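> Position one of the sequence shown corresponds to residue 2 (the numbering used here), numbered consecutively onward.
Treat the hints as calculated values from the structure; they're not laboratory data. It cannot be assumed that every hint is accurate.
[Claimed, not checked] Distance windows between CB atoms, simulated:
(1) Asp-115 with Ser-68: 41 to 47 Å
(2) Phe-91 with Gly-60: 39 to 45 Å
(3) Lys-98 with Tyr-119: 20 to 26 Å
(4) Ser-116 with Asn-82: 15 to 21 Å
(5) Phe-91 with Gly-69: 32 to 38 Å
(6) Asn-83 with Lys-55: 31 to 37 Å
(7) Tyr-119 with His-61: 28 to 34 Å
(8) Ala-109 with Arg-64: 21 to 27 Å
(9) Lys-98 with Leu-56: 26 to 32 Å
(10) Lys-110 with His-61: 37 to 43 Å
(11) Phe-50 with Ala-78: 32 to 38 Å
(12) Tyr-51 with Gln-114: 45 to 51 Å
(13) Leu-118 with Arg-86: 23 to 29 Å
(14) Tyr-95 with Ile-70: 23 to 29 Å
[As the list claims (entries may be wrong)] Computed cross-link-like contacts, DSBU-like style, restricted to lysine-lysine with a CA-CA straight-line distance of at most 35 Å:
(15) Lys-55 with Lys-76
(16) Lys-80 with Lys-94
(17) Lys-106 with Lys-76
Note that the coordinates shown come from a computational prediction; the quantities given were computed from them, not determined experimentally. Using N, Cα and C, we set each Cβ at its ideal position, and we do this for glycine too.
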Amino acid sequence: MYWIETITSKSAWISSKTTKLCPSTRIQPPNFRQPYEKHYHHEPPSPRFYGLPKLHKQGHPIRPVVSGISSPAHKLAFKLNNVIRDTTGFSPKYGIKNSLDLANKLSAKTFPQDSYLYNLFRHKKSILLNIPG
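Based on the provided sequences and hints, a complete structural model is requested.
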């Protein structure tokens, strides 16, 4: 029980720091003008901790994972990431934003007549067979 209380108090501490940071922000880019309440969790749950088996290794050791999606600063970090990308004009060299971006990039290329594009996630069942249930 003590461990859970510690995580909760840390989440509350981070949330209070985020709350204090947002109103005092002097520089607000145009796409950051929404009220600061939208950029942090009011009652944040503790980040989720789980393990994924390493199927490619013998003995299938567990890889610990901490999901930051439910963390107190996740919404703020997500928004700041967008602000920084828009401000700096950063675009990953090999990244694709959405299906329209993919279509534009593929239309600029030439492919052999007998080639085709195959969606790996079309047959989810065949991909997920290796995950232990």
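> Hint by hint, where does the structure go against what was stated? Just the numbers, ascending.
4, 5, 8 and 11
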